[in-house]
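Asks: Dock chain S against the given chain R, drawing on the hints supplied.
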Amino acid sequence: MIGRAYSNDVVLDDPHVAPAHVRIDRGDDGRLTALDLGSANGLYPARGRARVPLLALGDDSVFRIGHSLLRVRTAEHAVAPERPFAPRERLWLAIAALVILVPASEIALEWLTEYTEPRLVTYLMPLLAMLAVVGGWTILWSIVTRVFAGHAWFERNLLIALTGALIYQIVGAGSELGAFGLSWSALETYNYVGFFLLFAAMTFFQLRQINPTHQLAAAAIVACLFVCAVAVQAIIQSDVRPGPSRATVRLLLPPSLRLAPVDDETQFFDDVKKLQDELNKDRTEEP
Amino acid sequence: MLDPVVAPRLRLPRSSSFDASSEAKDLLIPFLQRPVAKIGMVLAALVLAWVAPRPAVAQTQTAQQIYAATRPQLLQIRTVVDAADRQFVIGSGFLVSADGLAITNYHVVSDYALDPGTYRLEYAMADGGQGNVELLAIDMPNDLALVRIDRHDTPYLKFSKRAVEGTLQKGEQLFSMGNPLDLGFTILDGTYNGLVDRSYNERIHFSGALNPGMSGGPTVTDDDTVVGVNVARQLGSELVSFLVPARFAAALLARQEEAGDKPPPTDFTAEVGRQLKDWQEGLYKSFEASGFKPMVLGGYDAPQSTAPWFSCWGRTNSDLVPRPRATVNATMCDSDSQIFIANDLNTGRIHVTHAYVKSDSLNEFQFAAFLSHEVQPGFFGGFSRRWQTRQRCEEGFVHAAAAGSGPVLRTVWCARAYRAFPGLYDVALTAVTEDNGRQALISQLAMQGILYDNAVDIGKRFIEAVRWAR
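Note that the protein sequences, when read in sequence, are chains R and S. In case it helps, this note's numbering puts the first sequence at residues 1 to 287. In case it helps, this note's numbering puts the second sequence at residues 1 to 470.
Hints listed in this document are in silico derivations from the structure and should not be mistaken for laboratory results. Errors might be hidden in some of the hints.
To be verified - Listed below are the simulated DSS-like cross-link pairs for lysine-lysine, each with C-alpha atoms no more than 30 angstroms apart in a straight line:
id, chain 1, residue 1, chain 2, residue 2
1, S, 285, R, 281
2, S, 285, R, 274
3, S, 277, R, 273
4, S, 293, R, 273
5, R, 273, S, 460
6, R, 273, S, 285
These numbers were taken from a predicted model, which means no experiment stands behind them.
Extracted from the complex, chain S is given alone in its bound form:
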């Protein structure tokens, strides 16, 4: 039934661990090794066993009723390759006004938005109706898009008042709809589990089985009002999915209704750039405001960010066989702030890593060679020739800490520019202490999608904070 040639590029989750890139593995592996994670997986299994059987007849009927009530408002949104007239990306969406306005995810329509000449948008309804879709507005940081379908007097879904006000209770049952894997419109139920603790972009943690293709579909409470928009699921986990809170969709709709007859932007790439610039201001102001707190790592103060949306892991090489001739103990902090721009471009993350390396049986030259290999590439998240220029670097010996309080640092600053978004850069800053021939701290700060001056300010604070521990 699924045409393998057309094998749709099912676009669901742009969750931080969903990328096929190497970071996904980096994030997942430490997760699995932690004993807490193992217990968590056991608990998740128990929860599944509990959730799986459908006991009360009342619940099943609610799902049936909800589906019957919302079916007319559901859409499948397709991105079609214009020349080949075949679907390229599929997702879901839902009507939000009587004159054909609908909400979906930005990542469902991003191919069209960034390259309208090659693609066009179409919709399909549960009753078989089809037609064209016009893209009106996007809210890229929240992964939302507002579109108009070519129908009038459409039934539509309302947003949940309690969700917009923030008074939902953890444990409430929610019903999620969409068209997973192009199998047809479906409804499934799950649990509302509050907002994700450590995410910079506000997301609802939904314990339900979202699948690729359901992006942009609505998740409703039992009164048929929308609580969130399906956006992502966590790869390699069970029933861990994410929704964009309804208040952002409601705000997007309100802005569009205010704008009235104003025509939509002709160049959505410029609009993406504008929204990215605004968004990164918020992120990096927040990052700078929370500042760096020193964490002692082998005789040095390693600056860590206190911003709540970082998740940190430890790493060591002591379990390698044969025993390494220098020990490495590292901390890696990654901000959960990724935003999707295009299939080959995610940006907005910040990495702060420190590795304390100490020689066991290496002389100074051998230790320096070991260090050279230990330093990781500063940039992460892949490289896209389409979106990014090549890197340019500046190297030097720098004494940044106040006199007498910190070592000389071998500092490397590398940056690359975004071709389509003037003023925004990826920056990778690396500093290696140069006060001792047999031990060193390697500190790295990498920031994606940042204004150059912001990067310089934050970079200065970062290397100033690398000091000797008292």
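Here chain R stands alone, though its shape is the one from the complex:
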């Protein structure tokens, strides 16, 4: 007997459950059934919107009454072993490593592009910005996790934030390196795809932490947001009105980082000639 009243075998503290809501019987064939004892809100199978008066249960079934999900297993069902916590020492080791690596990478990248007199401010500002973003992300998600999952998981959120920051540096530097070294400027023009992907992945891991059972839904939501963000950014970029030309050579790196093969003159100018057709099409567009 399952219900809200204290006389039941299983007492549910759910206001939407009737005092006497469901009875589980074993039939003559040995199979379990769940019977609705005349509740207002009804009995529902795990996946289904239609209420049923009677539900056949298998070895491992889930049904819904009120706002509660109940899982019924037969006694023969194997019991999974206890899942241990992630060892805290390993977590803190990773965090410590990242706390050194991330600012170091930021300083290194700033230093490598510094060609005027070195000033403390040029290094301090990005570090402070990074601190604000990482700190903000960790605190925000800790609050959300606490609210929805009962525990803040601060260390894990910090780990996700720091890992995200490191990958952010890698994506940024990688797109520049690829744009120059592989002579593939699209890598830099569209590097926002990489950044949005990173952001989506981080959000997915945070959501998974709050509710490990609904991973598919979380992944779907995150994927949707990712596609929307990329689409909006693409529209903004393509809608830019033509203006005075920016510097032609966008980015140079040391010659030793050139990975692409060298064109000979004919190949390059063949590509150049193809531009003429595109320009002629541009002529017919509205100014």
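Replies: Just chain S, lined up with the frame of chain R:
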């Protein structure tokens, strides 16, 4: 007296330094820094002091007589906004035939020529007469236009035989007429100083005080024959003005008289495009023919043009404070070949620049970042959304020089098309040497108003010529 609302868009000088665009400053600043220029300015001041007082009574009378004789042939040409019935651009002109043909500058009538629906042309004479003007023909590269006024049996000016034959002497006194700043018809005198040395388009150097509004007016010798047509003055200088030689105006008139009753073109924009195409053929054939001569710049051969109509300046960053961590020594050559198409479009110039950059205390990554900032935008002369499409670029690593004689180049080719002139493009080619992590040559070639195939040919020759110095 000058109605500030109407504040006429006084169109005088389309001299290369006259543009309010940034090139004007770029050209003027190096000019002023050169010690030769400073001496020149002092000399100019002395010349002014000499020229200023009017000593001989005979000269004054000549000017009086000349003005009296030519006054009936002078015109003010106005471009009027049709809907508002107010003047938009004013310039001058002069009659050249008995049936009302007159010469003025193309830039005085360009607004009407390119957009006849919005504007109309009117004239005013010194005696107060007014009327309508019909545009018959243009010679855009020489900034001339032939118009007809609605009068018959008009007195007219003849062209100076000596000017057309080219036998004028430097130092001859000339008299220039027009309607400067809408103040009324005036005459002023100045000196003939030959043809401008380094101009691709032939222009007379006239030492006189031409002012906006006098464009299209005649400049005559003391026998009342036209030597040149007022066209431009040099901004930021004193008494440096320019005239279009009379022989071009005479030729334009002769062509029109040959054409007889043939109606003028209905679409002058197409005519401008046609003349531009013909003109750029001449310019770029001449440019290609004179070829590239290597100039040693920090261990590299930097290709320079030997065409006589380039003026070149040097640039360095060694005088910056604090001391830069990489040195830049550059040469910039600009062709004096600009032509006016519209208020927001000048074309026809060629830029060749080279910058040798060497690291002082920068590592390879920092040097690359410095280089990225040092590379200037390839296009110059502004961008007009009305006339030009946006740019499209092609980037790559190219090895153009013959094997073993030159470095790999990071090459960027950018081009944009002219909307109204099919077949013509602006092209900007940039090449950065990639053989050394701590020194590099940045070479840039920019060409305005060029046929695409011409640009490709010249561009190939240019990057082939970037080599290691022997």
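Asks: Each hint: holds or not?
Replies: Okay, the hints, checked on the actual structure:
Among the hinted pairs, residue 285 of chain S with residue 281 of chain R is consistent with the structure: their alpha-carbon atoms are about 28 angstroms apart, no more than 30 angstroms. Our distance criterion of 30 angstroms between C-alpha atoms is met by residue 285 of chain S and residue 274 of chain R, whose separation comes to about 24 angstroms. Proposed proximity of residue 277 of chain S and residue 273 of chain R is supported: the alpha carbons are some 19 angstroms apart, at most 30 angstroms. Annotation: proposed proximity of residue 293 of chain S to residue 273 of chain R holds, straight-line Cα distance about 26 angstroms (limit 30 angstroms).
Annotation: proposed proximity of residue 273 of chain R to residue 460 of chain S holds, straight-line Cα distance about 12 angstroms (limit 30 angstroms). Between the alpha carbons of residue 273 of chain R and residue 285 of chain S the distance comes to roughly 20 angstroms, so the proposed pair stays at or under 30 angstroms and holds.
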